[in-house]
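Chains as they are written, first to last, in this note's numbering: chain A, 201 to 480; chain B, 870 to 1196.
Just so you know, these hints were derived from the structure itself, not from any lab. Just so it is clear, the structure is predicted and the values come from calculations on it, not from any experiment. Check the hints yourself; a few may be wrong.
Stretches of chain A that chain B covers, calculated by requiring three or more beta carbons in the stretch to come under 8 Å of a beta carbon on chain B [said to hold, decoys possible]:
#1 304-314
#2 328-334
With beta-carbon atoms standing in for the labels, derived distance ranges [claimed, not checked]:
#3 A:366 - B:1173: 49 to 59 Å
#4 A:313 - B:1183: 29 to 39 Å
#5 B:1116 - A:455: 54 to 64 Å
#6 B:1057 - A:291: 32 to 42 Å
#7 B:1119 - A:259: 27 to 37 Å
Beta carbons are placed, not taken as given, at the ideal position from N, Cα and C, and that holds for glycine.
Chain by chain, the residues:
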Amino acid sequence: MSQVYASKDIAFLKEQAKAVRIEILKMLTEAGSGHTGGSLSATDVATALYFSRMRHNPKDPAWKERDRFILSKGHAAPLLYAVLALSGYFDKSLLNTLRKIGSPLQGHPCSKLLPGVEISTGSLGQGLSIANGIAMGLKMDGMNSRVYCILGDGETQEGQVWEAAMTAAHYRLDNVCAIIDNNGLQIDGPCCDVMALEPITEKWDAFGWHVIDIDGHDMEAILGALDEAEGIKGKPAMIVARTVKGKGVSFFEGKVQYHGMAPTQEELKKALEELGENGK
Amino acid sequence: MGSREESQKSASQNSERKPAATRDAYGDALLELGKKRKEVVVLDADLSGSTKTAKFAKVFPERFFNIGISEQDLIGTAGGLALTGKLPFASTFAVFETGRAWEQIRQTISYSSLNVKLVATHSGITVAEDGASHQAIEDIALMRVLPNMTVIVPADGIETKQVIEAIADFYGPVYVRLGRSRVPVVMPDDYKFAIGKAYKFHVGKDANIIAAGIMVSTSLDAMELLKKEGIDAGVINMPTVKPLDHDAVIEAAKASGFIVTAEEHSVIGGLGGAVCEFLAENYPVAVKRIGIKDTFGCSGPSDELIKLYGLTAEDIVKTIKEALKKS
């Protein structure tokens, strides 16, 4: 399904995505550890959600009518912190405290410490079940809010993901929109070598989901998929976002070693140059 | 406080005091709670007939979610419902709830302090014929070690009903351990349960038995047997294993200088472990732990298993007499 979006809206989101990537790289370098590759691969999807499609209020994180966002792949915490900070949930300076003692920005998201984080994640495979529970509760209350959940592709090796896949279809949770960040790499190597995932699309289709397969870095395609998903009734929607690990920084792209490694100062400098943030 | 004989006599007169499984009391209490509170939702993992959540499901189908045979998803879904302000009760057998989904409980429920009530049935060896695979003897230990978690082990139907009401009024994650088999009613009609409060049937001068769950009734039997032999043993029902009633433990330890713990659980990490940890640091006295001795259960009738694993009143009596002889 192709839709035409105003070019200025697309341009705005692309700029936002760039700003998000810059914050991710800066905070990871400052922290000295963390997950670079998987934060950058999911950046475009998260940007489209936080700066365009999700109904939320940074001044009132607990707003009842908000759409919910669950980062099931909790190791992409820097991405979540960047979109929250740039949305205005907290001051950008807090990003420099990532992974430090006393910081609300834990290595993996902690909902008790940071408003805007719906639920603590980090142990893989659990987010979709939580998203389903929220979706059930919202439906019981007659709320129109939607629940978005980003999963890693390697994460779908967890059995609980498929338990949740059945639950969402069984209870016809059409207010659930999950997104798989299919960057094809996991810590030990390419997913196809560690534990093959394909055919991803057919699997979710067989589990009763409406599946949309897109280029996860094409902003128009992302918006199109999110809008298509919102129109689906009676079943949950899965967007399979084909992405590149480390996207946006040439020397990180497709490199499995940057799954769990932060940039060095030197790498940060080069990366910022590539992103057009010269010496800022 | 009536004696054991009086309690048994009133049991035959009053239908409320007939022996009943704590899971049956749960089914009734949950239904009553559902009538009073709209936010109560119930989740089960294909065992609603056995856990007795089916009673609630029949009356409130729109507030009941069968998640199928998937305990990990059960916990996560319950967590999500709690995030929307619902009051979820998630039930299945104790071994699956606390074992299969332990890390889900840790990550999603206890780390975030979600208001989810984990009420599991079929704990201990009195699950009986199904054997070791279905007999949870580690669940108290597994739940007690989690920060933010409250752990409650009711002794009978009267206590179970009150526990269900009390935890509904309490915000935070709670684990409640229930059983499959019928247990005698031991708590008085005017009993009032409070989280973290022990109930002292009697504080003895020679020994004090701190018990939970089905072992409270057994301990009361042991108390009567010892009394006939001139030994003054007390019984303290400790329904809340976490947070432990420290004052009650200290009082019992001071009164007798000798404590026996009794539970249908491994002697490692359960009530016995909790009492020992506390006493060792605060008021060291001799302790004997009655429980499953670091072994698995097996198939058989409930009453025979109780004997096989050393959980009878006679076992408690023997333990106390031997310890007193040595001292």
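A quick look at each hint next to the structure:
1. Only residues whose C-beta sits within less than 8 Å of a C-beta in chain B count toward coverage, and the stretch 304-314 of chain A has 3 of them, enough to reach three; the restraint holds.
2. Under a criterion of three residues with beta carbons nearer than 8 Å to beta carbons of chain B, the stated coverage of the stretch 328-334 of chain A is upheld, 7 such residues being counted.
3. Our hint of 49 to 59 Å for residue 366 of chain A and residue 1173 of chain B is violated, since their Cβ atoms are close to 40 Å apart.
4. At roughly 53 Å, the beta carbons of residue 313 of chain A and residue 1183 of chain B sit outside the given window of 29 to 39 Å.
5. For the hinted restraint 54 to 64 Å between residue 1116 of chain B and residue 455 of chain A, the CB-CB distance of approximately 60 Å keeps it satisfied.
6. The hint said 32 to 42 Å for the Cβ distance between residue 1057 of chain B and residue 291 of chain A, and at roughly 58 Å that hint is violated.
7. Between residue 1119 of chain B and residue 259 of chain A the C-beta distance comes to about 50 Å, which lies outside the given range of 27 to 37 Å.
Comparing the model with each earlier hint shows violations of hints 3, 4, 6 and 7; every other hint is respected.
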